[in-house]
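Listed below, chain by chain, are the residues.
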Amino acid sequence: MGIRAILARLAHTAPIPVFPVTGADAIDAVRDLRLRPEIELVSTPRHASVLLVAGNFGVNPVPGLALVHDQMPLPRVTVHWKGEIADDAHGQVVSGDEANLVEKLSALDREILVAPGLSDPATLPDVDPVDWRGVGPYGHGGKGMTGGTPFGRPLAERAPDRDGIELDQLPVTIGPWVGALPPGLQLRVKFQGDVIQEVEVVPAFASTRPDNVFVAALHTPTAVAILELERARHHLRWLADALTFHGLPALGLWALRLAHDLGPQDRTEVEDLLKSLRRSWVITMVLSRIDGALDGSLGAGSGPLARAAGLEDDARLDDPVYQALDFQPILGGTGGPAAWWRQRMAEIVQSLDLSIRAGDMTAFGRGSVEGPRGRLHADNPDASTSLELLPGLIAGLEWGDAASVIWSLDIDPFARMDVEVPAGMET
Amino acid sequence: MNPLASVALVGIVLIVSVYLVAVIDAALGLRVSHERRYAGVWMVPVAGAARLALQRRSLTERPDREAWALAPPLLAGLAAVALTAIPLAPGVGIADIRAGIVLFGAAMMQVMVAVFLHGWGSNSVFPLFGAFRMAAAGLSMGIPFSLVLITTALPAESLSVGTIIASQEGLWNVLRQPLGLPVFLITALAFSFWGPMNLPDGGDLAGGTAVEASGIPFLVWRIARVAVLVALAAMGAAAFLGGYLGPWLPGWLWMIVKTMVLATLMIWSGHRFARMRIESVVLFGWTLLLPIALVDVFVSGALTL
Amino acid sequence: MTALGSALVVFLAAVLAAGVVRWVGDVLNPLTLTVPERVPFAGGSPPEYHAWNRFHIRWYTMALLFLAFDMEMVFMYPWAVVFVREGLISLVEMLMFILILVVGIVYTWRERGFEWA
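Protein chains in written order, with the numbering used here: chain L, 1 to 427; chain H, 1001 to 1305; chain Z, 2001 to 2117.
Think of the hints as simulated: they come from the structure by calculation, not from any bench.
Any given hint might turn out to be false.
Said to hold, decoys possible - Covered stretches of chain Z (in silico footprint by chain L; criterion: 3 or more residues with CB under 8 Å from a CB of chain L, positions within the stretch not fixed): (1) 2024-2036; (2) 2040-2049.
What the hints assert, rightly or not - Simulated crosslink set (DMTMM-like; lysine to aspartate or glutamate; CA at most 20 Å straight-line): (3) L:K190 - Z:E2048; (4) L:K275 - L:D353; (5) L:K275 - H:E1035; (6) L:K190 - L:D163; (7) L:K104 - L:E40; (8) L:K190 - L:E200.
Stated by the list, open to error - Now the in silico label distances, taken between C-beta atoms and shown as ranges: (9) L:S368 - H:P1291: 54 to 60 Å; (10) Z:V2092 - L:R188: 56 to 62 Å; (11) H:P1291 - L:P61: 54 to 60 Å; (12) L:L331 - Z:V2092: 53 to 59 Å; (13) L:I356 - H:H1034: 56 to 62 Å.
Each residue gets a CB set at the ideal place from its N, CA and C atoms; glycine is no exception.
Could you put the whole structure together from the sequences, leaning on the hints where they help?
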């Protein structure tokens, strides 16, 4: 149709909405796609035209992937990037770097806008898992309505809540690919209203860990400047995600731009960014007030979380090279989401300063290196204990506050490896 | 006014303003993120609309079809009705009735209902949370909103927006009642759920009430939401900045300039401030904004006498 | 046509326009959905229950307070119109009315009625 062609040409100039499904080794690459004006990363597949499956997942089929694919409205297409795909997976494979990906996506987008019939068909079978049809003219009545499963699915069961009331408690499995949580994190939550009553982290599937400057530093001596710049970059990338979550996407893009080629010359710009962050009141209005809702069970955590709570837990203290640089870890007071943010913001500036002062000096690994999330040991390169802290922290919080706390923890959802995918988790 | 002419007027005003607001939003976003390239910002709203027009709309398993389908048109209708209460130029008032403020306030409170229907209809968890959040935010922000508008009616001795504009011949209300405009803008952000008050459609709900929306219904929803912002900015311009009054330029041009200034202020706040927690919105609406609005009413009342 | 009649026409025209645009969208993009395409989005996991539930609206006490203030608003609308004519006495009377209601706000605040969770 003529009108379709005209609209398609116009629509092609808009950014392509992409819903990312990201494995551990492609998180940074996918995050960098935000800087591309041709692409827009969306938080729900209903707004997307392209499903970008990036990275390696270690399991086949990838949990949730088929359902997320089918939830995309036409025109839709699947693209695999930076990973090996199984033989039975459909969709296009794109190799190479970001520029190649954007080019291929643009070509695909032009095709499917004009001819949506070229879109991927639905992958899951068209069978109603909860088939229920009533007898009345509006689909009501008949067996099953009064049996507790109206229109196929049951209604939530009642449970006691505060105020002495017994209202419904809704069990939901959220994730692993929801824009509100870090990619890969899957939670089984029981809601009463929108307040979390019970929460359980569904064990992650084994995903290939990315190559890491800090893990490499466990074995080979690495320059202090490189380590510290990478640490600052990690925190800036975390900041980009956390700011986007908190409703400041433009500031998040600025942080991401800074993280891209961070160098000593960016110090003033980093300080401007942190000043804008403070003026946005995200810490004073949002995070500090969540502290009040947390009942004090903050746990110790590792790395910046521990230091924000006042614990002197830093592998760099044992390193004579850092001692020669007069390194003093920044210590906070009580911990909590606001303190964690302040800690990481201060550590960005501290790392930039160290990288300038260090010059050519090389750090001594000595079996333990301070990674951006905590101490790394040679026999256990995974540094994070935040996943264990998670259920204790967010039970009892309202959903928005809980998601804020999750982002403030800087969680690595793939940190728990060697756990089998429980049966029934694949969809 | 002739009904056909009114429909045309409101239609043109809304379409042009929504386009301008979308462009300003895109440009401000680029500026705050330190992006240097602004080319193509003029096409952003049109291209985005074309893309949504070519996308199929979504259905969920067991939706409340009528409620879900009604919500975007209802929001659009409410924005249009709210705009009719405001005279856009001397003598050009579609529904400049003696109780114009009441008509405007009623339309804005129904925005709460429209957002709730949008969240309720899809029978999905995140939209439902967004719906209930909007209900709480609307209730908390509704009273300060109405109170500051009533304060502007005090010197005018009338609830009609045209008379309120006329009463600002000597001095604009923003100077006569300085507490009014800031409170109005904050509550306007809440009713158009924008920026720091974007609780029903926010990022922590992965898109909130619009999670299951796609295609044309989603496009209408986004346009209607910006239209509500424009209507609120126009009311702010009329009640606080003197509407179409002003030297040298014709009245309608002043109205456009003042509306765009307030709309830009609201959009800028979206890029500048983080999204508030729903508990904070409820708490501050009742314990901070309401007392400020009350002080505004009584101090302005005493000064008016 | 009366002013409110014009407003009603504008309202219906906006609703109708949005409805027509929706119909045009359905013509451009025909709706044929399989069952999995209709599953509500929660990150890739299918739902077990309907999302509709007896949602605990924890702020129902705040809603009652809103009702009280809404009734006060009903009285303030005509009060604003006759205010200048009636003079200082009307200011004092409305002030007394409001102060009684403000006690309600303070009470709700102390009783944690504005808290969410």
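Verification of the supplied hints:
no. : hint                         : result
1   : 2024-2036                    : holds (count 5)
2   : 2040-2049                    : holds (count 9)
3   : L:K190 - Z:E2048             : 12 Å, holds
4   : L:K275 - L:D353              : 17 Å, holds
5   : L:K275 - H:E1035             : 18 Å, holds
6   : L:K190 - L:D163              : 18 Å, holds
7   : L:K104 - L:E40               : 15 Å, holds
8   : L:K190 - L:E200              : 9 Å, holds
9   : L:S368 - H:P1291: 54 to 60 Å : 56 Å, holds
10  : Z:V2092 - L:R188: 56 to 62 Å : 59 Å, holds
11  : H:P1291 - L:P61: 54 to 60 Å  : 57 Å, holds
12  : L:L331 - Z:V2092: 53 to 59 Å : 57 Å, holds
13  : L:I356 - H:H1034: 56 to 62 Å : 22 Å, violated
In this structure, only the earlier hint numbered 13 is contradicted, and the remaining ones agree with it.
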